[in-house]
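Going by full-length UniProt numbering, the sequence shown opens with residue 1, and the numbers climb by one from there.
Some hints could be false.
Computed list of lysine to aspartate or glutamate pairs in DMTMM-like fashion (alpha-carbon distance at most 25 angstroms, straight line) [unchecked claim]:
| no. | residue 1 | residue 2 |
| --- | --- | --- |
| 1 | K69 | D176 |
| 2 | K240 | D230 |
| 3 | K414 | D230 |
| 4 | K240 | E115 |
| 5 | K437 | D392 |
| 6 | K240 | D392 |
| 7 | K48 | E115 |
| 8 | K414 | D264 |
| 9 | K418 | D357 |
| 10 | K48 | D86 |
| 11 | K69 | D84 |
| 12 | K7 | E21 |
| 13 | K7 | D264 |
| 14 | K431 | D176 |
The calculated label-pair distances, taken between Cβ atoms and stated as ranges, are [said to hold, decoys possible]:
| no. | residue 1 | residue 2 | range |
| --- | --- | --- | --- |
| 15 | S20 | A364 | 46 to 54 angstroms |
| 16 | Q363 | Y27 | 50 to 58 angstroms |
| 17 | A104 | S239 | 14 to 22 angstroms |
| 18 | V387 | D97 | 56 to 64 angstroms |
| 19 | M1 | G410 | 23 to 31 angstroms |
| 20 | G178 | A104 | 56 to 64 angstroms |
| 21 | W22 | P65 | 18 to 26 angstroms |
FYI, nobody ran anything at the bench for these hints, they're computed from the structure.
Each residue gets a CB set at the ideal place from its N, CA and C atoms; glycine is no exception.
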Amino acid sequence: MANFYYKQSGGRYTVGGDVSEWVTVPYNEARYGSNAVPQSDGYWNFVKDSATAWYQAQLAAGQTPEQVKAYLTSFDSWDRDDFDDDGDFNEPDGYVDHFQAVHAGMGEEAGGGAEGTDAIWAHRWYAFSNLRGTAGPAGNLAGGVQIGDTGIWIGDYTTEPENGGLGVFVHEYGHDLGLPDLYDTAGGENGTGFWSVMSSGSWLGRGNPTIGSTPGYMGAWEKIWLGWSDFVTVNPGRSKYVTLGSAAYGDGILPEAVVIPLADGGYYAAEYRSYTGYDETLRLGPYNWGWANSRPDWAERFPYQDGLLIWYVNPAVGNNNTSVHPGTGLTLPVDARPAPITFPDGTLLSNRRQPFDATFGLQATDPVTFHRNGEPVSVPRRPAIPVFDDSDPLRYWNAANPQHSVKVAGAGVKIEVKTQLGGLVPLMTLKVTPPAK
1 MANFYYKQSG GRYTVGGDVS EWVTVPYNEA RYGSNAVPQS DGYWNFVKDS
51 ATAWYQAQLA AGQTPEQVKA YLTSFDSWDR DDFDDDGDFN EPDGYVDHFQ
101 AVHAGMGEEA GGGAEGTDAI WAHRWYAFSN LRGTAGPAGN LAGGVQIGDT
151 GIWIGDYTTE PENGGLGVFV HEYGHDLGLP DLYDTAGGEN GTGFWSVMSS
201 GSWLGRGNPT IGSTPGYMGA WEKIWLGWSD FVTVNPGRSK YVTLGSAAYG
251 DGILPEAVVI PLADGGYYAA EYRSYTGYDE TLRLGPYNWG WANSRPDWAE
301 RFPYQDGLLI WYVNPAVGNN NTSVHPGTGL TLPVDARPAP ITFPDGTLLS
351 NRRQPFDATF GLQATDPVTF HRNGEPVSVP RRPAIPVFDD SDPLRYWNAA
401 NPQHSVKVAG AGVKIEVKTQ LGGLVPLMTL KVTPPAK
């Protein structure tokens, strides 16, 4: 995880810490993870019981309470919410900065294994937030769980499974940094697909037999929001030529993205997604359960196409739940080829697979065959689409698949790919025409 975040941030950020030995909590997993147990009861008590068991194990191993407190204090150097309003976030606040509680077995997000629906679902939350104002470190009563009687508390936390891949740890830690889920949390399926680790990109890998072992990168908005993107802004007015490096890494020389501000307060963010670094998983990792009726664990692989990926970022929307507000979202990729792909019986290809060729560029797409219960639909090689043109707000959105892609701004923006170079040093030159002044 440290390597992923170091590379994702262009060397600006990484993680460090410690891993403790296993401890045993008082109850079986159903007490904490069963769908019949309210989540605030099950999940929060799992954190509480884990912290208590860990503290008792330290004392049993010969540590003094003072030694345990000194150890925990080393993980409290960040005042996440500036509790004392002094403007200093780089100071202790009485809470462990980042806490991950790893549970045994498989997470329910991956089926739950032997525990099934009794398994704990990987998540990020705040333990006992209902105690805010009545419990917490002295002077900072923000709720949470005290670790023994050390005076050090756990508030924000994430939980992941013992046998989870890197993807689930990276995804949940992204939440701990403040990023939201970018898939449709209302039960639908938008077009973010495998394009972001905060969506299905956390389930990527380097091919069979596993999924989720190696995630892909974040999208443009996430990196911009975190302050990890070297981007160039093209403001309203005259056209401008921009040369992008790969979105997979920032070299401090070439921008990773181009941003075009819009009158509605949003913007377009265009990035060159290439098969480089962790984004190599875009070529090897996307999968489809093509034989769910006969071989439910068999995943067929297909490539997401490298090229220019354009995101329409609209903070006014607030989330990506396109099942609630079709065609609009916080940050959605524009699909260069939005016409629905359908199976012979008329069933739509899922929106996790539909955007595999969403990119603009100078290269024809790869031919791909998808299966549904063994029945195939073949998508032939399709010609390159080098120009994005938002003059028609509905050009990249299709009412026959309303949760997919996005209704663009209609601001008169054009982005044309002029050159595209892959390989070890990916480069792309764009002609960007912003809105008129």
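Exercise for review: Sort out whether D176 lies within 25 angstroms of K431, counting only the CA atoms.
Suggested key: Violated, at about 37 angstroms.
Review point. Can the restraint linking K7 and E21 be considered satisfied, given a maximum Cα separation of 25 angstroms?
Key: Judged against 25 angstroms, a Cα distance of about 28 angstroms means the pair is violated.
Exercise for review: Could you check the hint for me, namely that G178 and A104 are 56 to 64 angstroms apart, CB to CB?
Suggested key: violated, 29 angstroms
**Study point:** Outcome of range test on Cβ distance (Q363, Y27; 50 to 58 angstroms)
**Key:** Check passed, 55 angstroms falls within 50 to 58 angstroms.
Check your understanding: Can the restraint linking K48 and D86 be considered satisfied, given a maximum Cα separation of 25 angstroms?
Key -> violated, 30 angstroms
Exercise for review: For the pair supplied as a hint, K418 and D357, confirm whether the alpha-carbon distance does not exceed 25 angstroms.
Suggested key: holds, 19 angstroms
Practice item. Below or equal to 25 angstroms on CA atoms is what counts here, so check K240 against D230. Key: Distance ~17 angstroms between K240 and D230 Cα, so the pair holds.
Check your understanding: Keeping to a limit of 25 angstroms between CA atoms, is the pair of K48 and E115 held or broken?
Key -> Cα-Cα ~21 angstroms, so holds.
Practice item. Please work out if K69 and D84 have their alpha carbons no farther apart than 25 angstroms. Key: holds, 22 angstroms
Review point. Does D264 lie within 25 angstroms of K414 when you go C-alpha to C-alpha?
Key: holds, 17 angstroms
Practice item. For the pair we were handed, K414 and D230, check the Cα-Cα distance against 25 angstroms. Key: OK: K414 and D230 at ~21 angstroms, within 25 angstroms.
Review point. Regarding the pair K437 and D392, is the alpha-carbon distance no greater than 25 angstroms?
Key: holds, 19 angstroms
Going down the numbered hints, you'll see the structure goes against 4, 10, 12, 13, 14, 17, 18, 19, 20, while the others check out.
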